[in-house]
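These protein sequence lines are chains A and B, in that order. When the letters of the first sequence are read in order and numbered with the numbering used here, they come out as residues 19 to 494. When the letters of the second sequence are read in order and numbered with the numbering used here, they come out as residues 2 to 101.
I should point out that these hints are in silico values taken from the structure, not numbers from a laboratory. Treat each hint with caution, since some may be false.
[To be verified] To list a few chain B residues with every Cβ distance to chain A over 10 Å, as calculated:
hint: 1; residue: 73
hint: 2; residue: 77
hint: 3; residue: 79
hint: 4; residue: 87
hint: 5; residue: 90
[Stated by the list, open to error] The list that follows gives simulated cross-link-like pairs (lysine-lysine, BS3-like), each with its CA atoms no further than 25 Å apart:
hint: 6; chain 1: A; residue 1: 52; chain 2: A; residue 2: 102
hint: 7; chain 1: B; residue 1: 68; chain 2: B; residue 2: 42
hint: 8; chain 1: A; residue 1: 96; chain 2: B; residue 2: 82
hint: 9; chain 1: A; residue 1: 102; chain 2: A; residue 2: 20
hint: 10; chain 1: A; residue 1: 346; chain 2: A; residue 2: 376
hint: 11; chain 1: A; residue 1: 133; chain 2: A; residue 2: 346
hint: 12; chain 1: A; residue 1: 58; chain 2: B; residue 2: 68
hint: 13; chain 1: A; residue 1: 454; chain 2: A; residue 2: 303
hint: 14; chain 1: B; residue 1: 83; chain 2: B; residue 2: 64
hint: 15; chain 1: B; residue 1: 42; chain 2: A; residue 2: 66
hint: 16; chain 1: B; residue 1: 17; chain 2: B; residue 2: 83
hint: 17; chain 1: A; residue 1: 20; chain 2: A; residue 2: 79
hint: 18; chain 1: A; residue 1: 346; chain 2: A; residue 2: 361
hint: 19; chain 1: A; residue 1: 58; chain 2: B; residue 2: 64
hint: 20; chain 1: A; residue 1: 133; chain 2: A; residue 2: 20
hint: 21; chain 1: A; residue 1: 79; chain 2: A; residue 2: 110
hint: 22; chain 1: A; residue 1: 58; chain 2: B; residue 2: 42
hint: 23; chain 1: B; residue 1: 42; chain 2: A; residue 2: 52
hint: 24; chain 1: A; residue 1: 133; chain 2: A; residue 2: 102
hint: 25; chain 1: A; residue 1: 133; chain 2: A; residue 2: 303
hint: 26; chain 1: A; residue 1: 66; chain 2: B; residue 2: 17
In this text, a Cβ means the ideal position worked out from N, Cα and C, and glycines have one as well.
So you can see what is in the structure, the chains are spelled out below.
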Amino acid sequence: MKIQTEILPDHHARLTVEVEPEVFEGYQRRAARKISRETKIPGFRPGKAPFDVIVRIVGLKTIAEEALELWVDDNYPKVLDEAKVEAGAPGKVADIPSFDPLTIVFLVPLEPTVKLGDYQAIRSEYQPPVVTEEQVQEVLHRIQFNMATAEPVENRPAETGDLVYYELSGTLTQPGESEDPDVYPRRNVQSIIGGSSMDADDWPYEGFSANLAGLSPDDEKSILHTFSQEEQDEALRGREVEFKIKVSSIKSLSLPEVNDELAQSAGNFDNLEALLADIRSRLEKSSAEQYDSEYYDGLLDRLVEEAEIEYPDEILDEEIEHLLEHLKGDLAQQNMDLETYLKLINTDMNTFIENEVKPAARNRISRTLVMEELGRQEKINLSDTDMDAVANEASYELYMMNQGAPARRPDQETMQAVTISAMTRVRNRRILERLKAIANNEVMDEAEELSTEAAAEVEEETAPSSEPQNDDSSSS
Amino acid sequence: MTTIYDVLRRPLVTEKTNYQSNRLHQYVFEVAPNATRTEVKDAVELIFKVTVLRVNMIHVPAKRARKARSRRVTVRTPGYKKAIVTLAPEDRIPIFEGVE
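Bound conformation, chain B alone (with noise of 0.2 Å):
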């Protein structure tokens, strides 16, 4: 059984993302791939207790490099859905602000 729990998998912590939470107030997650906007909306307003102001998603897509010892080998890194929350100016969301 799935739960508005389940929509969101992990906070995403990239300079990119640092650099978006801290000037632009968007914070990112990764997403269960079937998820949509409002169940992100629902989910973050729920688990956070902050106001949404708009979602944007997007599907990272799975890529494949090679191996750097053996280049025969390939390695694939899985697809996923991504999830840019904007948040109300008063509010944030603290596990992205260091240790809490």
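Here chain A stands alone, though its shape is the one from the complex (with noise of 0.2 Å):
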């Protein structure tokens, strides 16, 4: 077997493979058989007829293109090892330039390469956004709309902050043909006038419910609005629309005071202060991931920006089929398929690809192929108690599929792709930790190293179900 490798810059290797005759002579024979038990040959029972027989029946052409299929499907992965060519992807035998001696032309999808820039020199300050009173005093405002009661009013017309309740329909002043003027049919509307922080003044266009103040019960109005050219609705840009609103009754709200009843009614807390606490920890807590996955975020596509990445477009496609594939199972939920989703958004499916779904793979490629590097580069593994880590994912995962179902044993397949799936999560969290370590030029010494990782340890266990990314033990 002769070999000849050639880099080609579209990150593929072209292997030029020689084959000794004789050996291939064996193939043909292999591939004979094959073919004389797979067709019907006249005087013979299946697998029987003899080479020249075969050889008269077929042709020399077919037995030979079988019998490089053979030879391809045994020896493929010993031509890349003497090649020593790492494969990213399937390869594809490109041309079969001579049979005699049998010559063959692989184009071999390279392994990616990624060089990671100086990502230790990547600095990113770890700020995680402070909750501050306002926003507290905010979500207790909501808390305390949510509980205000009511109250009929009956001697004035409505004010700013009343309740009103309506019905309202819109017609189109000028219909065009084979359009249903009825835009908004009649229904009935409850809304607070001036809107409140529960419930944005924005529908059917925004500041609607100005109009409504001064009214009584009973009274009836109608106005007219042109609808701007950025409304969402496109079938209202730029339309004018009659709205009829008749007021049916008008409340008044009256906020409940903010005090320890408030508390106790808003769910179970003995006081105030613990609905307080309670409000600013889960604001913490969602702000903290929304940093972080931003943060992560901003990192990644520093260290993806000055690594040099190379793979060969089978990766990409693969990668396309992929996201594809998984937008369908977004859509089958909403009961859609891709073309009709498609049709919605105004596309078709080759600009949707390239627009859309292209960068998307490229970005997600970059991403795993620098975080796959940079865990070689740091040394990362998985120690013991990632390992526990790794198991309760993975079977808290397999619980949740199997919800509503019987248990029975799920089948090995699943089990290692959970499994696989699990472990990689955790690793990429720990590659994600040692980048935020770096970049807050946190990097220490390996004795260091493991006595927080330690501690890490010890904080995981008391508190599983938390975040890794909020625990701060490598910053300590």
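Two chains, two frames, some hints: make the complex.
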């Protein structure tokens, strides 16, 4: 076997392999036997026809092609080994210049190569956002609104802040042909004049509820409104609609006082302080999560920017396929298929892939590759405790998958898939933590590292459900 | 007009004849129904330039079978006359061995 290796610029390797005639002869005989098993040769039982007879019936070329396939099946790994090429995706036979002696040209997509830039120099301070008193107050205010009691108003017209019940219908003033003028069919609506933090005053258009002020029960009013060009609903853009309002009743809202009592009725808190603490911790958690994801996104983007990443198109195609599959799954949950969705957003398959899917796929690939490489360079391995976390996550996932179904042993394949995905997740988390440590200039020497890791493990054990990103053990 | 070239109809290549020609040096032909051993011997010797030691002949009877799809229709395979020709050890007939 003679192999010529040539690396092409598009991250493929071109291997020209020459096979010894004796070896190929053997494969031809095997191929002939295979063919004789599959085709009916008169006078012979399947698989019993001699080579010469098969040659006479199917021709040498067919046998050679079959033999080629067998040879490739058997020897492709060996070829890669001998050529010292790391394949990143299945290669293919690009050309067969000659059958005698057999010469095959393989086109092998290479394993992606990642050259991380000077990632040690990436600096980005980790500053989780602080929850302000105002945010807490806002949530509190919302709770207050929720608990507000409404009292009927009889002796005065509606004012700002009142809850008004009314009938609303809207028709197009100049409906086009084959258009239903009833864009807003008659229905009962309630809204708070001037809006509230709970319920923004943007339906049917912004500032609509101001029209309700000054009305009394049983009052009727009609309003003309022209929708702007930025209106979400395309059918309404630039159209004039006549709204008819008939007020049925008005109620004034009285907000409950902020005290322990409110806290108790808002959800079993002992006193106001407990409620406030709960609001604060929830806000902290959600904002920290948001900040974390932005923070890591930023870090990864930097990492990707500085890295030199090369991968063959096959990997990109695979990723695109993967993303499309994912999208299809998501759409199927909304009872939609991909074609309908594409029609809905007014594109066709090719432009959609080119403009939407491809950049996303590129982004994902670069990130995964960069992360993998970082993990390799930083020698991030999963510790025993990490493996425990993996086991926990995997079994939890299996449990979630099986919910509702009768308990049964999951098959090997699912087990494996779940375990691997859990492992990747935990590993990625470790890698991100390391990245964060680097960005905050907190990389320590090994002994120290071990001790903090042990600390982290203890922490994790006490609170297994908390997100590891949230524990700040690595910054200690 | 029949000539000696009309005696041999076709060589028979099957698993069995393959065995016979490889191991026993016997070559099998379908021959004209009225051919005799001597005619077959002369024909083979003339056409393939070989020495024939012995000729065995047999009538392969016609067979009928029912069609696989519509079982009412019977199909008939015609009968024929078969000659098994044994050659001298040094001779061979190339048309039985692969493409020539």
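Status of the hints after comparison with the structure:
Distance check for residue 73/B against chain A: the nearest CB is about 25 Å away, which clears 10 Å, and the non-interface claim stands. Every CB of chain A lies more than 10 Å from the CB of residue 77/B, the least distance being 18 Å, so the non-interface label holds. At roughly 15 Å, the least C-beta separation between residue 79/B and chain A is larger than 10 Å, which holds for a residue marked as non-interface. Listed as outside the interface, residue 87/B is consistent with that label: its C-beta sits roughly 20 Å from the nearest C-beta of chain A, beyond the 10 Å cut-off.
Remark: the non-interface label on residue 90/B is consistent with the geometry, its nearest Cβ contact in chain A lying 21 Å away (cut-off 10 Å). For the hint linking residue 52/A to residue 102/A, the alpha-carbon distance of about 32 Å lies beyond 25 Å, and the restraint is violated. A threshold of 25 Å between alpha carbons decides the hint, and for residue 68/B with residue 42/B the separation of about 38 Å lies outside it, so the pair is violated. Using a Cα cut-off of 25 Å, the hinted pair residue 96/A and residue 82/B is violated, with the two alpha carbons roughly 55 Å apart.
For the hint pairing residue 102/A with residue 20/A, the CA-to-CA distance comes to about 13 Å; that is within 25 Å, so the pair holds. Only pairs whose Cα atoms come within 25 Å are accepted, and residue 346/A paired with residue 376/A is accepted, the gap being roughly 16 Å. For the hint pairing residue 133/A with residue 346/A, the CA-to-CA distance comes to about 34 Å; that exceeds 25 Å, so the pair is violated. Among the hinted pairs, residue 58/A with residue 68/B is consistent with the structure: their alpha-carbon atoms are about 18 Å apart, no more than 25 Å.
Restraint check for residue 454/A and residue 303/A: the C-alpha separation of about 19 Å stays at or below 25 Å, so the hint holds. Restraint check for residue 83/B and residue 64/B: satisfied, since their Cα atoms lie roughly 15 Å apart, inside the 25 Å limit. Note on residue 42/B and residue 66/A: the hinted pairing is violated, with a Cα-Cα distance of about 30 Å set against a maximum of 25 Å. In summary, the hint linking residue 17/B to residue 83/B is supported, as the alpha carbons are separated by about 13 Å, within the 25 Å threshold.
The suggested pairing of residue 20/A with residue 79/A holds, with an alpha-carbon distance near 23 Å, which does not exceed 25 Å. Distance restraint check for residue 346/A and residue 361/A: the Cα-Cα separation of roughly 14 Å lies within the 25 Å cut-off, and the hinted pair is therefore satisfied. In summary, the hint linking residue 58/A to residue 64/B is supported, as the alpha carbons are separated by about 21 Å, within the 25 Å threshold. Between residue 133/A and residue 20/A, the direct Cα distance comes to roughly 32 Å. Violation of the 25 Å bound is thereby established for this hinted pair.
At most 25 Å may separate the alpha-carbon atoms for a hinted pair to count; residue 79/A and residue 110/A meet this at roughly 20 Å. For the proposed pair residue 58/A and residue 42/B, the alpha carbon gap of about 33 Å is over 25 Å, so the pair is violated. Using a Cα cut-off of 25 Å, the hinted pair residue 42/B and residue 52/A is violated, with the two alpha carbons roughly 38 Å apart. Our distance criterion of 25 Å between C-alpha atoms is met by residue 133/A and residue 102/A, whose separation comes to about 20 Å.
For the suggested pair residue 133/A and residue 303/A, the alpha carbons sit about 35 Å apart, so the restraint of at most 25 Å is broken. About 10 Å separates the Cα atoms of residue 66/A and residue 17/B, which keeps this hinted pair within 25 Å; it holds.
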